[in-house]
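Colleague: Read off the chains here:
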Amino acid sequence: MNGNWINQSKSLSTVARVLRENYDLWNYREILLPAIEEAGEELDRGTKFTDGREFYLIKPDITSQILSRLTAEKKRKLFYISEVLDGETSGDWQFGAEYIGGDKGWMVLEIISSIITGLESLGIEDFYVDIGSKQVWESATSDLPDLRDEVFRALYHRSFDLIDDLDITEKKKDEVWRLFNFRDQRCSYTRLNEILKTIDDERIFADFGTVRGMHYYEDLTFELYSPATGSPLGYGGEYTFRNADACGFAFNLESLLDVFTGLEGRDREKLGGTNKKKIRRARDRVENGVTIEVKS
Amino acid sequence: MKFVLPRGRLLDDAIELLRQAIPSLTIEENRELIHSNGDHEVLLAKPADVPTYVEEGADVGVTGRDMVREKSADVFIPLSLPFGVCRVSVARPEEETSSPEGMEGYRIATEYPAITREFFRSLGVPVEIIVVAGSTELAPRAGMADAIVDVVQTGNTLTANGLEEIETILESSALLLVNRISQKTKFDRVNELIYSIREVIKNGT
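The listed protein sequences derive, respectively, from chains A and B. Here the first sequence stands for residues 1 to 296, where the numbers follow the numbering used here. Here the second sequence stands for residues 1 to 205, where the numbers follow the numbering used here.
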């Protein structure tokens, strides 16, 4: 956190509060995790240190931290707010949600819908969620099993050079580029098409050039962004956890601050009048979950 | 669109390439750090900062592969560009005989701490990295380092300072970088630019 940290902290706290309310309404439960964990096979991303005997991680990757503590027997809907370190002493503030062990089709619909309602609660309307598919690329490269990693690497960097250098026919290169540049609200992948139709929001796109974290995710991956900022607002996707389907998403809170212009009083009721009237109404509003601002 | 170009040895070639790809783009010769030109804005930055500028919001940038690797920036890299060819290499005093595998405990001076760390870690050789901001080749002579990892073009600078290049870590040239979000929000303009630059490169002009 840089610059005027008090103001930034205030904004960060407001954004986190609104998102927390949003995920409460979607029936997700907040989890609080320790800042330091012992490093291990399941947990190796974070800022590492040692006491001379063991290796530890400070504020590690939260999804891994959650998964290292869970068994998959139960359906779980969780959210968290944390700074995540990746080898440095400062990192990204994230607000993440994980839906584990639910119906595969429903979990994607719910996670994307929760992203939409969360942003709208913040007054952010100018955004897009692009959905990519690992399955689509695996089908497209089924005849190139030896080159699949190279194709994925080219996709990740959007590298013309790497595609040009692939030992494949020009026709296949054209097919790869067509897929790479595909972005639309309808697509030929039935499963994704159904999701787009069901969500029915003009800001949600199928984009087969969205390939972030391809190795980690099982099929669908999401990238959230706004034309108002050059940094992604968040990302997520489908994964499996101990044979259970799961879907997760993390907002990058500092990027959200780039597009968050404040709640402009929409989140609170202003109370005036006599002290007696104000205090009675204030108690009533607070008991009903409404934030108040009392005029003095 | 917002461009960020590297000050220094890559600048003239980068400007020439963009001028040919976008005839409407003009950049004054006065080397001011920011040029506005109708639809376009051009920023001049340190080569090492270009990946960060592009990651954080500039639409398009040009810098060396060495800088992109060092910064590990999350950006698209659609094209290699035909200039700025160099390499990042390990060098040590000519009178020494050690190879990188035998450099355990060496003090390595470099402007590339991440690349150096990754290289020696891949060899399983623990070294002490001393980060310098330039004139790396002076470090062994000044007694502050046993060897260096530095960018090499002809090797003349190393020779002049009594150093021998013993292993190439990375072959580098200039790269075109594109912001991940600009690729989506300015899809047609970014693609048009990439195709124009490819044509310029293909025509060898």
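One thing to keep in mind: the hints can contain errors.
Unchecked claim - DSS-like, lysine-lysine: derived pairs with alpha carbons at most 30 Å apart:
id: 1; chain 1: B; residue 1: Lys71; chain 2: A; residue 2: Lys172
id: 2; chain 1: B; residue 1: Lys184; chain 2: B; residue 2: Lys71
id: 3; chain 1: A; residue 1: Lys173; chain 2: B; residue 2: Lys184
id: 4; chain 1: A; residue 1: Lys171; chain 2: B; residue 2: Lys202
id: 5; chain 1: A; residue 1: Lys104; chain 2: B; residue 2: Lys71
id: 6; chain 1: B; residue 1: Lys184; chain 2: A; residue 2: Lys48
id: 7; chain 1: A; residue 1: Lys134; chain 2: B; residue 2: Lys184
id: 8; chain 1: A; residue 1: Lys171; chain 2: A; residue 2: Lys75
id: 9; chain 1: A; residue 1: Lys134; chain 2: B; residue 2: Lys71
id: 10; chain 1: A; residue 1: Lys173; chain 2: B; residue 2: Lys46
id: 11; chain 1: B; residue 1: Lys71; chain 2: A; residue 2: Lys277
id: 12; chain 1: A; residue 1: Lys134; chain 2: A; residue 2: Lys171
id: 13; chain 1: A; residue 1: Lys59; chain 2: B; residue 2: Lys2
id: 14; chain 1: B; residue 1: Lys71; chain 2: A; residue 2: Lys171
id: 15; chain 1: A; residue 1: Lys172; chain 2: B; residue 2: Lys186
id: 16; chain 1: A; residue 1: Lys77; chain 2: A; residue 2: Lys197
id: 17; chain 1: A; residue 1: Lys295; chain 2: A; residue 2: Lys270
id: 18; chain 1: B; residue 1: Lys186; chain 2: A; residue 2: Lys197
id: 19; chain 1: A; residue 1: Lys134; chain 2: B; residue 2: Lys46
id: 20; chain 1: B; residue 1: Lys186; chain 2: A; residue 2: Lys171
id: 21; chain 1: A; residue 1: Lys197; chain 2: B; residue 2: Lys184
id: 22; chain 1: B; residue 1: Lys186; chain 2: A; residue 2: Lys173
Keep in mind the hints are simulated off the structure, nothing from the lab. Given the structure is predicted, the values throughout are model-derived calculations rather than measurements.
Colleague: Tell me if the straight-line CA distance from A/Lys104 to B/Lys71 falls inside 30 Å.
Modeller: Given pair A/Lys104, B/Lys71 is violated - Cα atoms ~37 Å apart, limit 30 Å.
Colleague: With the threshold set at 30 Å, check whether the alpha-carbon distance from B/Lys186 to A/Lys197 stays at or below it.
Modeller: The given pair, whose Cα atoms are some 25 Å apart, holds under the 30 Å limit.
Colleague: Could you grab the alpha-carbon distance between B/Lys71 and A/Lys172 and see if it respects the 30 Å cut-off?
Modeller: Since the Cα atoms of B/Lys71 and A/Lys172 sit roughly 33 Å apart, the hinted pair is violated (cutoff 30 Å).
Colleague: Checking one constraint from the list: CA of A/Lys172 to CA of B/Lys186, max 30 Å. Satisfied?
Modeller: Satisfied, since the Cα-Cα distance of roughly 26 Å is no more than 30 Å.
Colleague: Can you confirm whether the C-alpha distance between A/Lys173 and B/Lys46 stays at or below 30 Å?
Modeller: Given that 30 Å is the threshold and the Cα spacing comes to 36 Å, the pair is violated.
Colleague: With the threshold set at 30 Å, check whether the alpha-carbon distance from A/Lys77 to A/Lys197 stays at or below it.
Modeller: The given pair, whose Cα atoms are some 24 Å apart, holds under the 30 Å limit.
Colleague: Next pair to validate is A/Lys173 with B/Lys184; report whether the Cα-Cα distance is within 30 Å.
Modeller: Answer holds: A/Lys173 to B/Lys184 is near 21 Å, not above 30 Å.
Colleague: Holds or violated: are the alpha carbons of A/Lys197 and B/Lys184 at most 30 Å from each other?
Modeller: holds (21 Å)
Colleague: Given the hint that B/Lys186 pairs with A/Lys171, does the C-alpha gap stay at or below 30 Å?
Modeller: holds (27 Å)
Colleague: Holds or violated: are the alpha carbons of A/Lys171 and B/Lys202 at most 30 Å from each other?
Modeller: OK: A/Lys171 and B/Lys202 at ~20 Å, within 30 Å.
Colleague: Given the hint that B/Lys186 pairs with A/Lys173, does the C-alpha gap stay at or below 30 Å?
Modeller: holds (23 Å)
Colleague: Assess, step by step, whether the Cα of A/Lys134 is no farther than 30 Å from the Cα of A/Lys171, and give holds or violated.
Modeller: holds (21 Å)
Violated hints for the displayed structure, listed by number in ascending order: 1, 5, 6, 8, 10, 11, 13, 14 and 19.
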